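Participant: Mind the numbering: the sequence shown is residues -21 to -1, 1 to 474 in mature numbering (1 follows the signal peptide of the UniProt record, and there is no 0), read in order.
In case anyone wonders, no lab produced these hints; they're calculated from the structure. Values in this document were obtained by computation on a predicted structure and should not be read as measured data. Among the hints, a few may not be true.
Claimed, not checked - Mimicking BS3-like on lysine-lysine, the simulated pairs with C-alpha atoms at most 25 Å apart in a straight line are:
(1) Lys241 / Lys219
(2) Lys85 / Lys241
(3) Lys40 / Lys85
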Amino acid sequence: MRKRTPWLLLLLLGLAATAGGRRATWTKSPGCRTPRPDAAFTDTGSNQNISDQYITSTLSKRYLTLRSFPSGVRNCYTIRSLVVVASHKYLLRAEFLYGNYDGLNKPPIFDLYAGVNFWSTVNASSPSLFPDGVVRLEAIVVVPDDTVQVCLVNTSSGTPFISALELRPLNNSIYPQANETQGLALLTRINFGDQTGAIVMYPDDPHDRVWLPWVFEDTTSISTSNGVNTGDGTFEAPSKVMQTAIIPRDGSNTIKFRWRSKPQPRDPTPEYIAIMYFSELQLLYSNALRELSVMINEARWPAFSPGNLSSYTLYNSYPLAINAEYNVTINATTNSTLPPLINAVEVYSLISTTNVGTDSSDVSAITAIKGEYRVQKNWAGDPCSPETYAWDGLNCSYAISTLSRITGMNLSHNNFTGSIPNILSQLTSLRFLYGNNPNLCTNVDSCKPPIKRKSKLAIYIVVPVVLVAVIVSVVGLVILFLRRKRQGDMPNCLL
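Using the sequences provided together with the hints, build the complete structure.
Facilitator: Here's what the structure looks like:
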């Protein structure tokens, strides 16, 4: 059996240490990290509780609190190298339950970024596919370095907030469409044929993907209790999902469904990747054949027969042609003696991840400055990128496909105190302005404490006394030397 990449679940809740008396104890699985307060991952925002009217007996405790960000345009969570490995693939899941926490009854709209790249627009009033009403956004990305940042950006349509944030590592072989230049943002993930209404996730899915049950009115469910081989590791739909499927009702030879494009202001023409899963769940007689033909709009795949209790995946490696609507048609071929089936489907839009961040040495230097002087301002997220959200007081150089560099730093008029971190000396091209900070130590002498008045008085008394003593000693030595010299010049005498 192929060894899996170790995984973890990290939940960052908008939760104080006690969260107003409500302590987070919810854990999704053995081996997962227990949900923890998020203060270690962000230094902005404030903790809030949702309104009592939204609290139900079935609502998970993780959604009782949230963190809102009323100040600043961009606010970020930063997850560092203790849990993040550079150039590895991760599943990010952000969750939002407004719950009228501010009493305004105005769910906000704001943008969400994975690092320096746009992920999605968050509309807190969007209809949720989940019974708890939580808006969930999910992305699969390759992290370029050993830090993951998830940022909320205020777009002047209400105060950004977040209820929970999850990070989970994936095998680098899974979802090959996610790479160094593009990520995948989940549109939908459906488990066809499950009539129990149960959502499939961990532990049934080792990657903790969330599969929603779905049965169309013109289809019939089929299922098996036998395990299904999940494939070669490219997508790994769990056996629990692959054990159910739908077939057309009333002798039809066609299954149809569709999804609509969801353009956003920052992504007006989204491009989509579809992943469809098939497995034969019935024991077929020798003369029986289930052969399928699949089309999405004008795109057609070659006919195939699903393997018995074995997962077969159909997907596009490159985005589908841009359309307002995508119609999926699954037909039984003329050779087929059995109707078509489908077990599951995932649909993703592409996230461009071509924007690059700031050079790591520059980030270390400016982070040291931020920590030394406890700078608030808008100093959150990447210092230079995106250029629109660059930190106040910084000048950066930008080049295509090259890390941004900090070329100027103006910290004037900030009433800073203390010494300038030595790490800045590593940035030889940096121009550093620090004027009008009278308590800022700009060199060794300026950091020395002033001499007290009593100390000065002691110096005034001691120095002349010592000087006189030295002069007297020197004069005495000279006289002694001269006397000995004269004695040495006289002739030898006998008594």
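Participant: Does the structure break any of the earlier hints, and which numbers would those be?
Facilitator: 1
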